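Just so we're aligned: 133 in the numbering used here is position 104 of the sequence shown, and the numbers increase by one with no gaps anywhere.
Read the hints as simulated data drawn from the structure, not as lab findings. In this text, all values refer to a predicted model and were calculated from it rather than measured experimentally. Do not rely on the hints blindly, as some may be mistaken.
To be verified - Think about it this way: if two alpha-carbon atoms lie no more than 20 Å apart in a straight line, the pair counts; the simulated SDA-like pairs of lysine to any residue are: (1) Lys201 with Gly211; (2) Lys100 with Leu154; (3) Lys247 with Val60; (4) Lys254 with Asn158; (5) Lys247 with Glu67; (6) Lys201 with Gln255; (7) Lys247 with Thr64; (8) Lys201 with Gln229; (9) Lys254 with Arg244; (10) Lys254 with Thr202; (11) Lys247 with His63; (12) Lys254 with Pro194; (13) Lys254 with Ala236; (14) Lys254 with Gln179; (15) Lys100 with Arg244; (16) Lys254 with His63; (17) Lys201 with His214; (18) Lys100 with Ala213; (19) Lys100 with Gln232; (20) Lys100 with Arg61; (21) Lys247 with Leu154; (22) Lys100 with Thr64; (23) Lys100 with Val68.
As the list claims (entries may be wrong) - Pairwise CB distance ranges (calculated): (24) Val58 with Lys201: 30 to 38 Å; (25) Pro194 with Asp137: 37 to 45 Å; (26) Glu216 with Glu105: 13 to 21 Å; (27) Ala40 with Phe210: 44 to 52 Å; (28) Pro194 with Pro39: 47 to 55 Å; (29) His86 with Pro65: 34 to 42 Å.
Built from N, CA and C at the ideal position, the CB exists for glycine as well.
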Amino acid sequence: MKWLERLRRPAPVLDEATRAAIAAWRRSVIVRPHTPTEVAEFVVVDTETSGLDVRHHTLLSIGAVIVRERKVVMGESFYREIRPEQASDRENVVIHGIGHAAQLAGGDPARVLADFMAFTGGRPLVAYNAPFDREMIEAAVDRHLGMRWQPVWIDTTELVRAMFPAEALDLKTLDDWMGRFGLAHYERHNALADALCTAQLFQILVARAQVEGFRTVKDLLRAEKQHHWQRKR
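Sequences are here, hints too, so could you generate the full structure?
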């Protein structure tokens, strides 16, 4: 059981800067579920990892941008590389482009994660294929900070299918949807650039959701979950 493993695991020793970042996150104002999307703030996030198995692979970088009042705030972004215990294999480096030297020069995992939490504050997190990013990030916070962090997540993979169900029969990937809406690719498989791509897609989805009657943060979550369960039936 995970909770039993947590009890047996010694608490991590955090430096002063890391503790200060966690304290800043705790002071953050939470975005309420009934906040209208036209005034709400979201953090759109993407990660690069050493592999696809959360049990054996780790975060290598986190990139994020803020969407405020349905606009991407270009001046407010987050990008940090994270030092793994062991550099990823050559095949994986070809995908994410973070070489062994860059990986080993990355930031301390606890500090990077605490800084990321402080950056996100109480805002909902948005990602394409959010369950993967969610599992990787929350597992890393548990491991390196010794705490449970469970922010609200919105999965644009499900939300885009809910807003454009007919086109979703053929369009599957983020690249597919970027092409459909004529959105620019700045540097694919870079966490910050991919977060910006996802943020542009999210802007379109929020505008479409408004037309469809989904006008609050809670409405977006409802639209996403309804479509998810409809597909499972």
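These are the hints, each one checked on the structure:
1. Lys201 with Gly211: At roughly 16 Å apart (the allowed maximum being 20 Å), glycine 211 and lysine 201 satisfy the hint.
2. Lys100 with Leu154: Distance ~15 Å between lysine 100 and leucine 154 Cα, so the pair holds.
3. Lys247 with Val60: holds, 10 Å
4. Lys254 with Asn158: The hint holds at about 13 Å.
5. Lys247 with Glu67: With Cα atoms ~13 Å apart, lysine 247 and glutamate 67 stay inside 20 Å; holds.
6. Lys201 with Gln255: holds, 18 Å
7. Lys247 with Thr64: holds, 8 Å
8. Lys201 with Gln229: Judged against 20 Å, a Cα distance of about 17 Å means the pair holds.
9. Lys254 with Arg244: Given pair lysine 254, arginine 244 holds - Cα atoms ~15 Å apart, limit 20 Å.
10. Lys254 with Thr202: holds, 19 Å
11. Lys247 with His63: holds, 6 Å
12. Lys254 with Pro194: Holds, because 14 Å separates the two Cα atoms, which is no more than 20 Å.
13. Lys254 with Ala236: With Cα atoms ~18 Å apart, lysine 254 and alanine 236 stay inside 20 Å; holds.
14. Lys254 with Gln179: holds, 17 Å
15. Lys100 with Arg244: This hinted pair holds, its Cα atoms lying about 16 Å apart.
16. Lys254 with His63: holds, 16 Å
17. Lys201 with His214: Holds. Lysine 201 to histidine 214 sits at ~17 Å (cutoff 20 Å).
18. Lys100 with Ala213: Roughly 16 Å separates the two Cα atoms, so the pair holds.
19. Lys100 with Gln232: holds, 7 Å
20. Lys100 with Arg61: holds, 19 Å
21. Lys247 with Leu154: holds, 13 Å
22. Lys100 with Thr64: Since the Cα atoms of lysine 100 and threonine 64 sit roughly 16 Å apart, the hinted pair holds (cutoff 20 Å).
23. Lys100 with Val68: Holds. Lysine 100 to valine 68 sits at ~10 Å (cutoff 20 Å).
24. Val58 with Lys201: 30 to 38 Å: Because 36 Å falls inside the window, the suggested range holds.
25. Pro194 with Asp137: 37 to 45 Å: holds, 44 Å
26. Glu216 with Glu105: 13 to 21 Å: Since the Cβ atoms of glutamate 216 and glutamate 105 sit about 19 Å apart, the hinted range of 13 to 21 Å holds.
27. Ala40 with Phe210: 44 to 52 Å: holds, 46 Å
28. Pro194 with Pro39: 47 to 55 Å: With Cβ atoms ~49 Å apart, the hint holds.
29. His86 with Pro65: 34 to 42 Å: holds, 38 Å
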